[in-house]
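**Q** Respectively, the protein sequence lines represent chains A and B. Mapping to the numbering used here: the first sequence position 316 is 316, numbers consecutive. Mapping to the numbering used here: the second sequence position 272 is 1272, numbers consecutive.
If you are wondering where the hints come from, they were derived from the structure by calculation, not from laboratory data. Be careful, since some hints might not be right.
The calculated label-pair distances, taken between Cβ atoms and stated as ranges, are [unchecked claim]: (1) B:1091 to A:25: 28 to 36 Å; (2) A:335 to B:1319: 53 to 61 Å; (3) A:331 to B:1236: 33 to 41 Å; (4) B:1156 to A:335: 45 to 53 Å; (5) A:148 to B:1210: 20 to 28 Å; (6) B:1272 to A:168: 35 to 43 Å; (7) A:39 to B:1251: 28 to 36 Å.
A few chain B positions that, by computed beta-carbon distances, are all more than 10 Å from chain A [as the list claims (entries may be wrong)]: (8) 1129; (9) 1200; (10) 1205.
Quick reminder that beta carbons are idealized off the backbone N, C-alpha and C, glycines included.
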Amino acid sequence: MWPRLVPRGEASPVMVWMTPVLAVALTLLAGTALFAALGYPPGRALHAYFVEPVSTFYGLGELAVKATPLTLTAVGLAIGFRANVWNIGAEGQLVMGAVLGGGLALAFWGEEGPWLMPAMLLAGILGGALWAAIPAFLRTRFNASEILVSLMMVYVATLFLNWLVHGPWRDPEGFNFPQSRMFGNDALMPVLFEGTRLHLGTPIAFAVVLGGWFLLARTFVGFQIKVLGLTPAAASYAGFDQRRLIWFCLLLSGGLAGLAGVIEAAGPVGQLTPAIPQGYGFTAIIVAFLGRLHPLGILLAALLIALTYIGGESAQITLQLPIAVTGVFQGMLLFFLLATDVLIRYRVRWGAPAGEAGRA
Amino acid sequence: MDISRRQFAIGSAALAGASALPFGMGSALAQAPLKVGFVYVGPVSDHGFSYQHDLGRKEVEKAYGAKVQTTFVENVPEGADAERVINQLAAQGNGLIFTTSFGFMNPTIRVAQRHPKVKFEHCTGYKRADNVATYSARFYEGRTICGALAGKLTKSNIIGYIGSFPIPEVVSGINAFTVALRRVNPQAQVRVVWVNSWYDPGKEADAAKALLDQGADVITQHTDSPAPCQIAEQRGAWSFGQSSDMQRFAPNKLVTSIVDDWGPYYVRRVKEVMDGTWKAIDTWDGIKQGLVVIPPFNPSIGADNVALGQKVKDDIVAGRLHPFAGPIKDQQGKVVYAEGKHASDEDILKMAFYVEGVQGSLPK
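Sequences and hints are given; from them, build the entire structure.
**A** This is how it looks when you write it as structure tokens:
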């Protein structure tokens, strides 16, 4: 007899927030078994994974550096997801933000001033929003799926960046290697603490988290978004303009992804290179759901995901753990998260209940 | 495990013997091992570029036993993450760190500024500092040998070339190959497919299939996985291995490989750090110095071709043949290097045009 999943009706509100903790605990247990089976001391491996990376001030800064683009992007995506607007192309919007903002840094290379950084941030937001405007237009005008359009635009954006750094924006002193000049000092995100890479982008991400929370919890637009997501029929009955909401969600999530892009380019990278897209736009989708589409949850989720990345590197360096094992470990965490998520929405029943026999 | 333990035993025996010497050795015995870090862009299992660097790392361990302690980090992305990995290696007491991909250049320079006492070596880049050396191999010399043999082996006169990124190292390889190809066979053409990755077996295999479908009967690659060689083997086309000896992946149709042998270089540089003679210099060695190695040619290409390959190789080593000796024309037929002239090292390091015989245009 096979187990079946029966919907629970309503998920327990306590468990909704407890499952990530539970998943982490299960990952630690399974990880202990995995490391022990492979002959690595589990205690040291877990220490290398979760403690060592954040045991120095520099390490804490790195955690924030890694979590910043994830947070920025995921907050925007989550607001869209709440309204059933599925922007899957944040990676492309992130790239276009880096392109427009970074383009400004290159255009004013050598003649910069303190005005440059704010202008770059605005240009980054604009770049991401413009890129997201394409799926928004096609969705509202022709009802084209924003999932497909935004996803495909990722490849266009990435190739556009490649073309720029291989061609017109290539560093003239760079031996023809595909990367732009290093940005000038005024075009770099100010570092907050000497000796770390923690930059101004992190406080900006905090502000965006608070802004996102305020938008969803305290504004009429946020209310409309939630209604549209929960019951589209009610939203149209109430006279909410669905097209405007789609435009709003896509422009907002695109703009925030673009902001993440320019902050990444002007922050830890410091130039435009083909390596700007690192998958943050896609990982942010996981972060958004892991954070329960709630801005504060997203902040925690981004920190957790960032820690698994950094921890993976640290475990490689300290214990020479093969990268495949660190990958398996990251995979286990996501597996347990999803598994516990399923189990708060569904309960497991064995055998066919009366009245439902033969229906499965 | 076995090897390092044996080396340890030999090493300590040697030290014990030497400690009878009147001075100096006592402090050497007490000295902590030199920690050496390696950062790889691919997995060590790529059987290509990163794999070869890791062989070099193992040679260092073998040569110095307990006097060194090596650490590597694989699959490090060429972006903002690289700086953290390099920094962590420096912070954990590595005295010498090799960063083995072009995209690690600026991160290496930045970490080096933060850790002035740590020595860094960046592979294939051009930025140096007081504590940052650079090193690379003249891979293009190997391309010349492959090109000449391809010219003899092709029947369709179409050669498929799988490129990673259109950077000078790869472009100069394509050009060196094509120049040698057309000296042997002026009708032959080179078709390039860019996969925009150093290591992507799926994309590399697709590129090889597409090129074979277009009539190519020789496949060569500047990417790191053995996938193109395997596809060529299946379809009965000749191929050349890249970075490592890929003979075992295509036992019948692989002509030879362009092997990077980093071991002796790493062993030498580690010793220089131990001796205090290390300098932040640039090293760019080729076949002559043994950094680029051409394994024996596949006998099934025929004795004439084996002899030709050997002759080209000998001529390069002896300095009789420069891979970019004129006359060389660009795609528009304009003479870039006239008869009797050849490209300078700087020209090769900055190369950004296709020579005559390469089809398509260089991605801009």
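**Q** Take the hints in turn and mark each one as holding or not.
**A** Here is what the structure says about each hint:
1. Against the hinted window of 28 to 36 Å, the Cβ-Cβ separation of residue 1091 of chain B and residue 25 of chain A comes to about 30 Å, which satisfies the hint.
2. Range check, residue 335 of chain A to residue 1319 of chain B: Cβ separation about 59 Å, and the 53 to 61 Å hint holds.
3. Between residue 331 of chain A and residue 1236 of chain B the beta carbon distance is about 39 Å. The supplied range of 33 to 41 Å therefore holds.
4. Under the hint 45 to 53 Å, the C-beta atoms of residue 1156 of chain B and residue 335 of chain A, about 49 Å apart, fit the expected range.
5. Restraint check, residue 148 of chain A to residue 1210 of chain B: a C-beta distance of roughly 25 Å satisfies the suggested window 20 to 28 Å.
6. Taken as a hint, the range 35 to 43 Å holds for the pair residue 1272 of chain B and residue 168 of chain A, whose Cβ atoms sit roughly 42 Å apart.
7. Take residue 39 of chain A and residue 1251 of chain B: their Cβ atoms lie about 34 Å apart, and the range 28 to 36 Å holds.
8. Under the 10 Å C-beta cut-off, the non-interface status given to residue 1129 of chain B relative to chain A holds; the minimum distance is some 14 Å.
9. The non-interface label for residue 1200 of chain B is consistent with chain A: the shortest C-beta to C-beta separation is roughly 14 Å, beyond 10 Å.
10. The claim that residue 1205 of chain B is not at the interface with chain A holds, since no C-beta of that chain comes within 10 Å of its own (minimum 20 Å).
Violated hints: none; the structure is consistent with every hint.
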